[in-house]
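There are 2 protein chains.
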Amino acid sequence: MSIKRIHHLNFVVEDLDDGIAQFEKILGSHVFEKDELPQRGVVTARARVGEQWFVLVQPTDFELPPGRHLRERGEGFFLMSLEVDSMEDAVRDLESKGVTFTSDTDRKGLLNWWVRDLGRDHALGEQIQLCEERD
Amino acid sequence: MSIKRIHHLNFVVEDLDDGIAQFEKILGSHVFEKDELPQRGVVTARARVGEQWFVLVQPTDFELPPGRHLRERGEGFFLMSLEVDSMEDAVRDLESKGVTFTSDTDRKGLLNWWVRDLGRDHALGEQIQLCEERD
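These protein sequence lines are chains A and B, in that order. Under the numbering used here, the first sequence has 84 at position 102, and the numbering climbs by one with no breaks. Under the numbering used here, the second sequence has 114 at position 132, and the numbering climbs by one with no breaks.
Isolated chain A (complex conformation) (with noise of 0.2 Å):
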C-alpha cells in the first residue's frame, strides 16, 4: 500500500463567502463550487488546484470536529486527506503497521469521496484522513 497523492486539504473558515473571497483572490483564476455536508454540520466550497481540490468548510454545528476546530484553534489548515486506491486494502495495511482510525467504517464527504479519519493517538493523526474515490 501506498498513497498516491493529496487528495483534498480542507480549511475551517468562519464565514463561507469571506473565505472563498480571499482564496480566489491569492489563487488566480479557480473558482469555488459550493455545497454541504450537513452529516459534519458545515457549508462547504470547493476548487481544483493542479491534482488536488481546495475545500473551504464553515461549520454550522459547533459539537461537531470542523465547528470544535474553529471554537478551539481558530481559522486555517482543519485536514489533509490522502487519495488511496483501495480503502480497505490501506486501512488494513496500516492497521498491521499499528495506525489506528476514528471509525470502523467510511464516512461519505463530498461528491464520490470517501473517507477515513486517522486515530488522535498519532501526533499528527487529527490532521490526516485517507479517501478513495468510487464510482
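Think of the hints as simulated: they come from the structure by calculation, not from any bench. Just so you know, these numbers come straight off a predicted model, no measurement behind them. Hints are not guaranteed to be accurate.
Heads up, the list lumps identical chains together, so a pair's fine if it works in one copy or across two of them.
[As the list claims (entries may be wrong)] Subject to a maximum C-alpha distance of 25 Å in a straight line, what follows is the list of computed BS3-like cross-link-like pairs (lysine-lysine): (1) Lys16 x Lys90; (2) Lys(-14) x Lys7; (3) Lys79 x Lys16; (4) Lys79 x Lys7; (5) Lys(-14) x Lys79; (6) Lys90 x Lys(-14).
Assemble the complex: chain A is given as a structure, and chain B must be docked to it using the hints.
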C-alpha cells in the same frame, strides 16, 4: 497570475526521526531525506508524494517562526507553499489586489526553492506562502 499547484506542505514536529517514522508508516513507500535550514532554525526531512513535497521541520530555535509555532500550537500542519511561475509577477499581481507579504524580498528555502510569506493580516495568511523554483 494564477497558482499552478501546491508546491509543498510543511509540518512542524518535535522530533525529526519520530516524525519521519510516523509519516513513512502512513505514506507507504515514500522515503524522507534530511536537510537543514539554519537561517529558519530548523532541521528538515522531505519526501515527494505525487506532485507535492512533504517537508517535516523540527525547530532548533524557538524564537523563529517554526519554533514559535511548535511552542504555541504544537505539532502539525505549519505552512502551505503554492507554486508560481514568476515570483515577481505573482507578488505584483497579488499586491495590486491588496494582498500583503511579510517581507519585500524572497527567502531561500530548501533545494532551489524561493519563497515569500503572505502577511498575517489575512485570516489564512500566516499559513500560506508562494514558491518559485529557480535554476
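- Message: Going through the numbered hints above, which ones does this structure break? Give me the numbers in ascending order.
- Response: none
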